[in-house]
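Given next are the chains, with one letter for each unit.
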Amino acid sequence: MSALPTTPTIRKTALNAVHRQMGTKMVEFNGWDMPVEYPTSGGIIAEHMAVRTGVGIFDVSHMGDIRLSGPGALAAVQHISMNDAARLAVGQAQYSALLYPQGTFVDDVIVHRLADDEYLLVINAGTREKDFNWVRENTRNFDCRVENLSDDFTQIAIQGPRAVVVLQKLTDADLSSVKFYWVMRGTVCGLRNILIARTGYTGEDGFEIYIPADEATSARVWNEILKTGKDLGILPCGLGARNTLRLEAKLPLYEHEISDTINVWEAGLDRFCKMEKPEFIGRAALEKARTEGLNRVLTGIEMIDRGIARDGYKVQDETGREIGYVTSGSPAPFLKKNIALAYVPPAFSEIGRELKVDIRGQGVTARVVPTPFYKRQKKT
Amino acid sequence: MSYPPDFKYTKQHEWIKADGDSATVGITNYAQESLGDIVFVETPKVGAELTAGKAFGTVESVKAVSDLYAPASGTVTEVNGELATAPEKINKDAHSAWIMKIKLKNPGELNSLLSAADYEKFVAEEGGH
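For the record, the sequence lines run as chains A and X. Taking the numbering used here, the leading residue of the first sequence gets 1, the next gets one more, and so forth. Taking the numbering used here, the leading residue of the second sequence gets 381, the next gets one more, and so forth.
Hint data in this document are derived by calculation from the structure and do not stem from the laboratory. Any given hint might turn out to be false.
Some residues of chain X that are not near chain A, with every Cβ distance over 12 Å (derived) [as the list claims (entries may be wrong)]:
#1 Asn460
#2 Asp473
#3 Asn486
#4 Glu500
#5 Val503
Okay, derived cross-link-like pairs now, BS3-like style, lysine-lysine, Cα gap no bigger than 25 Å in a straight line [as the list claims (entries may be wrong)]:
#6 X:Lys391 <-> X:Lys483
#7 A:Lys25 <-> X:Lys472
#8 X:Lys485 <-> X:Lys434
#9 A:Lys130 <-> A:Lys169
#10 X:Lys434 <-> X:Lys483
#11 A:Lys274 <-> A:Lys130
#12 A:Lys337 <-> X:Lys469
#13 A:Lys336 <-> A:Lys25
#14 A:Lys169 <-> A:Lys250
#15 X:Lys485 <-> X:Lys425
#16 X:Lys472 <-> A:Lys336
#17 X:Lys481 <-> X:Lys391
#18 X:Lys397 <-> X:Lys434
#19 X:Lys469 <-> A:Lys336
#20 A:Lys12 <-> A:Lys227
#21 A:Lys378 <-> A:Lys250
#22 X:Lys469 <-> A:Lys25
#23 X:Lys501 <-> A:Lys25
#24 X:Lys397 <-> X:Lys472
#25 A:Lys25 <-> X:Lys434
#26 X:Lys481 <-> X:Lys425
#27 X:Lys425 <-> X:Lys483
#28 A:Lys337 <-> X:Lys472
#29 A:Lys336 <-> A:Lys378
All residues carry an ideal CB built from backbone N, CA and C; glycine is no exception.
Based on the provided sequences and hints, a complete structural model is requested.
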């Protein structure tokens, strides 16, 4: 007899069978069996371009959801997150982060205010259990209920400048009334009271909808969106395009740009960290770190010479001395450049400065550039 | 896509087509499908000495970097310069978008490589689970 397998089971979203039927290339991501690219779409570059110029849809059901509700919900959210949730109107959302006492990241989150005393935190797949336990532990003294709703939803992201056109055909909600980073409820594909958030992880306009996680409903909604968007050239998109899209827009990825050893100032997320709040976990350490100055900052670079910087590659000064490392690097399909984010000392981060990236033993020349690498044109 | 019967194949997914003691090398259709959009090919220099089974260059897709392994020992006589500006040619037709030509040290080495039929069987098993 062989021993029982000790490796944890790979988790699947409710759309797993749909993806596999389409001949999708799957990959393990943070314990999840997820689409990386759809050969039927033409691959990562085609998917990326669809989102920049038209519309694409993503299964992002691996993301987790934590609900805090009750009279003490706001105070609890204020205590555990760095942005100022008191500024949120009902129906509004904000980018934020959960921090350790040392000012480093438990995770980055989107906080949605769903009702007067109800907040929904959307969290990363790889940190689901850690986040939930951490939120529960740190909100014990507040009069609020904490629920893990991670398995309740199939989360579908519809992203791109034409996303609004496609989704509007499937809902009675007036999407023109929902601003970016706002949320509303409406009937979607005949399903009542569906949460519709104008959020995403691509640097484009778009929506994320939260539908019941049963397989039949999930498959029906996924297929209806694809069918409805067909004339607009909608493509199903995988984690490959999701990564290149978020990198062009400089949106952080946990364990890359942010982690439990990187603090808020280093990551350059100052504008989402409200030090005017009197108290939140991590605040004291950040106050101290701010007076001490930074040893490294997240910096955007683009390759000048031929070569692609990849995650983990070393960054060198012009003499070849190691000064930092790449957190995320890739060809940028829309910009048609090879770009990367890297941690380097502030003295090496000024725009235009030449650096080198160690690519298989060769110091390949790169240059510091402004970020985000890509910024969409906003209407008016 | 069918695998040309006059090519030999490696388990690392390179193909080689010999003509006397010279040969052309590329990567297989299975390789380009697995890699996805190819954006970069790093080739050796003309004159470089290759050893069978040893890495001689890299091919990069949007997502990943993969080493290329020499199907046979020999000396590089020509590299396909087109791939520097148009690496996607490998995605379009992997079996005609060659990477380099070599002068074989020992043409007999090719006997140990896979035939088209054996390679097809091999990738069917590799891709099947």
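Which earlier hints turn out false for this structure, listed by number in ascending order? Result: hints 9, 14 and 25 break, sorted rising.
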